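Engineer: In case you want the letters, here they are:
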Amino acid sequence: MNKVYYPRLNEALYSTVLKNGLKVYMVPKADFQKTYCVFKTDFGSIHTNFIHRDTNEKISFPQGTAHFLEHQMFAMEKNKDAGDYFASLGADSNAYTSYDETAYTVTCTKKQKEVIQFLLDFVQKPCFTAQGIAKEKKIILQEYLMYQDKPNNRLHYDLMNNLYWNDPLKEEIVGNEESIKKINKKILLQAHQFLYHPQNMTLLIVGHLHVEETLQWIMDNQNGKQFSPCPPVDIKTPIELLSIHKEFNQFEMDIFSPYVAYGIKINPHLYKKFNIIKIDYIMKIILEQLFGSSSDTYQELLDQDLISKRFRYYAHITNNSMYIAMQSDSKHPEQLLNYFENKFLNGRRDELQEANFTRIKKGIIGSFIKSMDDVETITHGILDALTLNCDYFNSLDILESITMEDILLVYDVIKNSPHTKVIINPKKVAKKE
Amino acid sequence: MNRQMINNLEVNTLFINKFKTISFAIVFFSEYTQKNIVLNRILGQILSTTSRNYPTKKEFSNRVYELYHTYFSMFSRNYDETLMSVLLVTMVNPTLIQEENYFDDVKEFFWQSILQPNRIDGSFSQKDFNEEKKLMLTSIENMYNNKESYAYHRLIEEMAPNEIINIKPYGTKEVLNEISLSELTDYYHYLFTDCNCKGYAIGDITDEMVNSFFASCSFSTKNTDMKLYAHPTFLPKEIHYIEEKQDVKQGKLVLGYRTNIHYFHQYYFPMVLFDLMLTGMTTSSLFKVVREQYGLAYSIHSTVQYDAKILTIQAGIEEENKDKTVNIIQKIIQDYQNNVDEKLLQMAKDTLISYYTETNDDCQSLLLFQIRTDLIKKMNIDEIIAAVNTVNTQQIKEVAKMIFLDTIYFLYGDKNE
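Same order as they appear, the protein sequences are chains C and S.
Here the first sequence is numbered in the working numbering, starting from 1 and rising by one per residue.
Here the second sequence is numbered in the working numbering, starting from 1 and rising by one per residue.
It is worth saying that the hints were derived from the structure and are not from the lab.
You may find that some hints are simply not true.
Here are the simulated lysine to aspartate or glutamate pairs, EDC-like style, with alpha carbons at most 20 Å apart [as the list claims (entries may be wrong)]:
#1 Lys284(C) x Glu66(S)
#2 Lys135(C) x Asp335(S)
#3 Lys427(C) x Glu358(S)
#4 Lys138(C) x Asp323(S)
#5 Lys127(S) x Glu11(C)
#6 Lys134(S) x Asp121(S)
#7 Lys427(C) x Asp323(S)
#8 Lys343(C) x Asp397(C)
#9 Lys29(C) x Asp204(S)
#10 Lys331(C) x Glu131(S)
#11 Lys150(C) x Asp247(S)
#12 Lys245(S) x Glu300(C)
#13 Lys150(C) x Glu66(S)
#14 Lys361(C) x Asp397(C)
#15 Lys18(S) x Glu354(C)
#16 Lys288(S) x Asp335(S)
#17 Lys135(C) x Glu183(S)
#18 Lys331(C) x Asp254(C)
#19 Lys137(C) x Glu212(C)
#20 Lys113(C) x Glu183(S)
Quick list of simulated restraints, FRET-style, between CB atoms [as the list claims (entries may be wrong)]:
#21 Tyr170(S) x Lys272(C): 28 to 36 Å
#22 Ala30(C) x Glu59(S): 35 to 43 Å
#23 Lys18(S) x Asn94(C): 53 to 61 Å
#24 Gln126(S) x Arg349(C): 49 to 57 Å
#25 Glu174(S) x Gln304(C): 25 to 33 Å
Note that the structure is a prediction, hence the values are computed from the model and not measured.
Don't be surprised by glycine CBs; every beta carbon is placed ideally from N, CA and C.
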């Protein structure tokens, strides 16, 4: 395996690509007892349209297919369930679907060989029945309804709908009531065939492990299987305009006080100027300077009673889409949105100061080093960086290369980008505290 | 765990060199009351965001960043009627930071922040106090928005209005309105001068560092053993039904059971395993039947409050499936009185043992485990694992016989509204 040692962090990342195309990464953590494994495919909720490279045929899946497939993968022959088998090994299994990936996770403290090999087996062997799919539809519809009662979830997707014309970011990861009903065995098998080929998948193991031995277990497992050639399909990315879809939207829910979201749509071509992780850090530094607890703004927002403890801000940065979101519940929603608008439209470059920039950089360095104690954080940090073609453990060097000029350049881009607003209003006066 | 007295404070240290962080904590033990919970939250916020040397949030936060995001927090946990207030500081291992005085700077910042808070004439800042009260009030009001959490707390309000479990960890409007600035100041003095406390240190540290860190303090350590209370045993005479309508798309069902099994009960570990067998794993009975077999819910989970001896089971379901779901849950629990799947019990044991083993991989979990162990169980992880392994199916049956349904709460709405 290829080994890269990072002396500053005293961590090592091992990697290789197997003959069948499967990418394997490992990070051994000395003296840790837990082993955390993630087997993931680059197939998420935003991937619904494909083109066959040879025939030019267009293939579309209903919204929520990646998530439905994630649920259904646990079904095994003879009505057995993969989660049950993991439990019999003393391992805890789970899975999640995000916008751009589906991941199967297992945590264990013993029987690592059986656990890792079974993780590969169950994800690579679909076993779908019409009965199982019908049952799963009922469960997923309940999941969908559960999310409809969560104001933050509704706020997020409404913000996405305001920001985007065509980007599937605006669609819920679980799909919707109609699209979930359309999903059938043929669609799930086709999705699995297209997107669960080893060439499209990554296995990452972090924690208690012996690198060479673990690799041998993986190779033994994969060498014993036959895989068809990787289907020649490309993901069709819809054309997205640089402008926003809607400037404002509001709706009602049964909540106590209003929720607001403010979004800024950034031209993703910014990545041509900087490494994508660098953009991520630059955005973090800018937002922290403008709205963090070390800013004058934060105290002003508290003094004016505009935000609550749930106030949060973040930047979503990928090669295809970038946006900034600010969210809070607020007794004065219009005032808060106007404050955000004014802050960005009339903001001055001198609000971003070299001394703050240096301090925040130190803070991010400290948080990053501290996160090295958490196996799950390391794992998901590496996976996120891989999606962006970046070296996670090299993040600190990238962070330290950021200059004040970089900050100001991105700040100007943010200021000149289109923005949108969402409010959720309370449907009625709440009776209970 | 190494135990020593430093400046009259009992300090417990765990020397582990695998972590890149070092944690120090001061734990205060006081009485678990609604008022103390509220005072604790306000005080924790003030102490961890301002100090005499850094009197504004901005200045304090800037210092946190300068110290590589070495933040400290104050949080609370209760065990029975004992309230633990934990002041925790987590710093990067100084060997990974290229700054000679980093450890001393963190130490100074921590002690200055808690021993020299932002006070005028001995009293905390009225502005900071009002601000924290306002933010806390908003959090209390917005509990209404999280429907799952709202449903759980409504069940507890109805089922156990005068019991310890109804003390709300996020506070109440009534208590919040009553609290004055002078009470906060008195509470601060009480914690730092009269209250029982202990010190903890975990990470890649030396004796010298521990001694140096706690040399700045001056506390009095008294007996911190947890008090045992003779809690009454509840046998509900009838099942209470409460329904409430809101504009929700999915019904939130909560069942409240009396368990009569306390931390110190001989069936404590069987109860923990029974809880796991109900909902804690993908193989658990309720998960298998309610979700997988009937597709009634996406999420179903149970929680046991050992101080209150209450088990709750919560699921998101459609209104028309309420009775069916309740009947299924009831039948499964009753079935446990006669039949216990030995394989499932073994899976629950493996899961629980794995959970305890993983505690060793997380600095903060280890710290909390140690505090809890000192207070109640007095068992190390190996002893706990041994105790878990001795649990048998008969004990699970006995536990199931000690479970009595008390209250059913259902929050429902019109899906099409």
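Engineer: Now, for every hint given, state plainly whether the structure supports it.
Structural biologist: Results for each hint:
| no. | hint | in the structure |
| --- | --- | --- |
| 1 | Lys284(C) x Glu66(S) | 16 Å, holds |
| 2 | Lys135(C) x Asp335(S) | 25 Å, violated |
| 3 | Lys427(C) x Glu358(S) | 45 Å, violated |
| 4 | Lys138(C) x Asp323(S) | 18 Å, holds |
| 5 | Lys127(S) x Glu11(C) | 46 Å, violated |
| 6 | Lys134(S) x Asp121(S) | 23 Å, violated |
| 7 | Lys427(C) x Asp323(S) | 29 Å, violated |
| 8 | Lys343(C) x Asp397(C) | 31 Å, violated |
| 9 | Lys29(C) x Asp204(S) | 15 Å, holds |
| 10 | Lys331(C) x Glu131(S) | 15 Å, holds |
| 11 | Lys150(C) x Asp247(S) | 12 Å, holds |
| 12 | Lys245(S) x Glu300(C) | 38 Å, violated |
| 13 | Lys150(C) x Glu66(S) | 37 Å, violated |
| 14 | Lys361(C) x Asp397(C) | 11 Å, holds |
| 15 | Lys18(S) x Glu354(C) | 35 Å, violated |
| 16 | Lys288(S) x Asp335(S) | 15 Å, holds |
| 17 | Lys135(C) x Glu183(S) | 57 Å, violated |
| 18 | Lys331(C) x Asp254(C) | 15 Å, holds |
| 19 | Lys137(C) x Glu212(C) | 42 Å, violated |
| 20 | Lys113(C) x Glu183(S) | 58 Å, violated |
| 21 | Tyr170(S) x Lys272(C): 28 to 36 Å | 47 Å, violated |
| 22 | Ala30(C) x Glu59(S): 35 to 43 Å | 39 Å, holds |
| 23 | Lys18(S) x Asn94(C): 53 to 61 Å | 25 Å, violated |
| 24 | Gln126(S) x Arg349(C): 49 to 57 Å | 36 Å, violated |
| 25 | Glu174(S) x Gln304(C): 25 to 33 Å | 27 Å, holds |
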